[in-house]
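**Student:** Use these hints to put chain B onto chain A, whose structure you have.
So the protein sequences, as listed, match chains A and B.
One point on numbering: in the working numbering, the residue at position 330 of the first sequence is 330, and numbering is uninterrupted.
One point on numbering: in the working numbering, the residue at position 244 of the second sequence is 244, and numbering is uninterrupted.
Mixed in with the good hints there might be a few duds.
Computed from the model, here is a short list of chain B residues facing chain A with C-beta under 8 angstroms [to be verified]: (1) Leu57; (2) Ser74; (3) Glu77; (4) Arg80; (5) Ser87; (6) Ser91; (7) Asp95; (8) Leu96; (9) Glu100; (10) Arg107; (11) Ile108; (12) Tyr109; (13) Ser113; (14) Trp179; (15) Tyr212; (16) Phe213.
Keep in mind the hints are simulated off the structure, nothing from the lab.
Glycine is no exception: its CB is placed at the ideal position from the N, C-alpha and C atoms.
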Amino acid sequence: MLNPFRGFNAVFYKEALHTRRDFGTLFFSLIIPLLQMFLLGFAIDTNIRQINTVVYNADGRRESRELLDRLRNSDTFRLVRFVENDHDLTDAIVSGKFRVGIKIPVDYSDRLLHQMSAQVLVLIDGSDSSVAGQAINVTTSIGLDESLRRALSNSNAPFAVDMRPKLLFNPDSRSPNFFLPGLTAVLLLNVTTFLSAFSIVREKERGTLEQLFVTPVRPMGLLLGKILPYLIIGFFELCMILAFMRFVFLVPIHGSVLLLAILSLPYIFVSLSLGILISSKANSQAEAMQLAFLTILPSIFFSGYIFPRETMPRFFYILSYFVPATYFIDITRGIILRGASLIHLWIDAAALFTIGTLLLIIAAHRFQNKVIMA
Amino acid sequence: MTDSTQPAIVAENLVRRFGQFTAVNGVSFKVEKGEIFGFLGPNGSGKTTVIKMLTGLLPLSGGDATVLGLSVRSDPETVRENIGYMSQNFSLYSDLTVTENLTFYGRIYGLSSDRLRARMDEIVQLNGLAPYMNRLAAQLSGGWKQRLALGCAMLHEPKLIFLDEPTAGIDPVARRQLWDLLFELSAHGITFFVTTHYMDEAERCSHVAYIYFGKLIADGTPDSLRALPDVQPPGTYRVEITAPQVTRALRVARTIPGVRRATIFGQSMHALINDDLDLEHLREQLLKQNIVVAEIRPLAPSLEDVFVELTFKHQAEIEAARA
Chain A
1 MLNPFRGFNA VFYKEALHTR RDFGTLFFSL IIPLLQMFLL GFAIDTNIRQ
51 INTVVYNADG RRESRELLDR LRNSDTFRLV RFVENDHDLT DAIVSGKFRV
101 GIKIPVDYSD RLLHQMSAQV LVLIDGSDSS VAGQAINVTT SIGLDESLRR
151 ALSNSNAPFA VDMRPKLLFN PDSRSPNFFL PGLTAVLLLN VTTFLSAFSI
201 VREKERGTLE QLFVTPVRPM GLLLGKILPY LIIGFFELCM ILAFMRFVFL
251 VPIHGSVLLL AILSLPYIFV SLSLGILISS KANSQAEAMQ LAFLTILPSI
301 FFSGYIFPRE TMPRFFYILS YFVPATYFID ITRGIILRGA SLIHLWIDAA
351 ALFTIGTLLL IIAAHRFQNK VIMA
Chain B
1 MTDSTQPAIV AENLVRRFGQ FTAVNGVSFK VEKGEIFGFL GPNGSGKTTV
51 IKMLTGLLPL SGGDATVLGL SVRSDPETVR ENIGYMSQNF SLYSDLTVTE
101 NLTFYGRIYG LSSDRLRARM DEIVQLNGLA PYMNRLAAQL SGGWKQRLAL
151 GCAMLHEPKL IFLDEPTAGI DPVARRQLWD LLFELSAHGI TFFVTTHYMD
201 EAERCSHVAY IYFGKLIADG TPDSLRALPD VQPPGTYRVE ITAPQVTRAL
251 RVARTIPGVR RATIFGQSMH ALINDDLDLE HLREQLLKQN IVVAEIRPLA
301 PSLEDVFVEL TFKHQAEIEA ARA
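With the rest of the complex left out, here is chain A (with noise of 0.2 angstroms):
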């Protein structure tokens, strides 16, 4: 008699009802997903080439040519603009048009072709940090290269050391290869949350909540059936947002497209798991919606999408264990860009999985108990 899960095949049959008969706005929360991942994968791009740069040659003879143009041929400045005095060079970065100027002083030629030491001065704008290092990085690597080279062009000594570094999984440093399977996880969870919250809080709002639970359905009846319909919508959501990823932005999948299909269904149902948990704290759309915002910040921001984990202070590392999309991002990124396999990933899924039956186990307690009629 005391059947735990029952009334699921009503509410489920229900709930697959409801979402037929407004296709519309179903149809709409899923294709916002696919147009954000078209603005952000086109928006998005991490490495930095071609920053605005302002240079006052004040030599101009070939040494100082042949530098400009090594930082040309760097790809990451673009030598927009020349000026003829000190004054004109600061004035450019501090304008805020230019983020670097060069200074080659009158004496570079000089000095290099009398064995000495020549300075060449290079103004960074700091207030993007990125792009600083990077300007930092280049200028600093092709003045060492430089001396080397000038240093070794008269004896026939290789260099002592050759590094050669090699990009392995992503070998052009393309951003959307990177942001894409990431992104995945943030427009899965935003779609997933909203429903599975919204279509409890609908009930609660109509009163046909109240009249449910004077019924024989039993709380995990009732969010079960619920979350099924969705974890479906959801699958379905997922299998486009792949596919755009994999042929509209031409992100190769190196690993098993079954297995990242397999893998996401645990977060799915870890995202409408909390949708569930957040329905049974909010009595309106608007409150809903406030609280999945809210979960929507740290699974941005300390699931290792947009900043490293590894570089968190302490104590937000550990948060981000507790954030569901931290594990997702592991492994779409990790099947799509390293060609992982369960081997690698199983613990993720089973974090996953775990982290949504805990959740729906509180937010059906607190539905037995009614708190949320109080």
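**Tutor:** Frame of chain A, contents of chain B only:
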């Protein structure tokens, strides 16, 4: 499961507290099988709280209750299997059709598809929903929504149905039709627990109780309540006085010795007067003050009179206890 002589509901000393506030304070009553039990009281007096306790939605802070012979404390799940419930906002899924709403509730109660089909036919027969089966619930008028909600609540053939303000916001014709339906079902042995604000609906109940700020202050058949000594003190009787200027007449009547209480009811006034004041004498007294009485006649107290009297008495007791 239960023997037929057992009452449908037995509430013993029900108590429900929300923090410091006691919403229901020692309420006891019995509802016999087949009764239409009218549960009345002002807003916020604890009606819905009592329903929630009897349906196992709210745990009891004190006391005990059995519903259809089952304890709501120890067996709320089985209680819910066996009762029907219809809330004031009808709780239908507006984006589902009539058939789909009925099917959903049928499945919730675990009806087999054969039984569901048979029950749906019976219910549609009874409440005349047949022409609307494929219409969305959102497109039904208030009266039809209410019938559909009642249908959903009785698919599983409950012996007891709770109706929480079933006629709020419904037009008078639909209201009348619903009550006709309730009488018909009640004749088949179904017990109804109905809350309402309408006194005319209370008059139709076979058993009424009145809850006033957490306390039950009246419980009985409408006739037995009318005969209560507090309502009709010995040595008094009740009259209806019809006069053109009823508000002025009221002020005057209250000054006449022997008139204990007077209240306006529409175009007339109801007064409780001592036996020794006869009607002709009363008429003369009023005429002296230029009040021309059109009609004056003895009157049995209405349920509204009953509740007003009992509320006054209860208030007086509270104030006496305070002093």
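**Student:** Evaluate each hint against the coordinates.
**Tutor:** Hint check:
no.: 1; hint: Leu57; result: holds, 6 angstroms
no.: 2; hint: Ser74; result: violated, 13 angstroms
no.: 3; hint: Glu77; result: holds, 6 angstroms
no.: 4; hint: Arg80; result: holds, 5 angstroms
no.: 5; hint: Ser87; result: holds, 6 angstroms
no.: 6; hint: Ser91; result: holds, 4 angstroms
no.: 7; hint: Asp95; result: holds, 5 angstroms
no.: 8; hint: Leu96; result: holds, 6 angstroms
no.: 9; hint: Glu100; result: holds, 6 angstroms
no.: 10; hint: Arg107; result: holds, 3 angstroms
no.: 11; hint: Ile108; result: holds, 5 angstroms
no.: 12; hint: Tyr109; result: holds, 7 angstroms
no.: 13; hint: Ser113; result: violated, 12 angstroms
no.: 14; hint: Trp179; result: violated, 22 angstroms
no.: 15; hint: Tyr212; result: violated, 23 angstroms
no.: 16; hint: Phe213; result: violated, 20 angstroms
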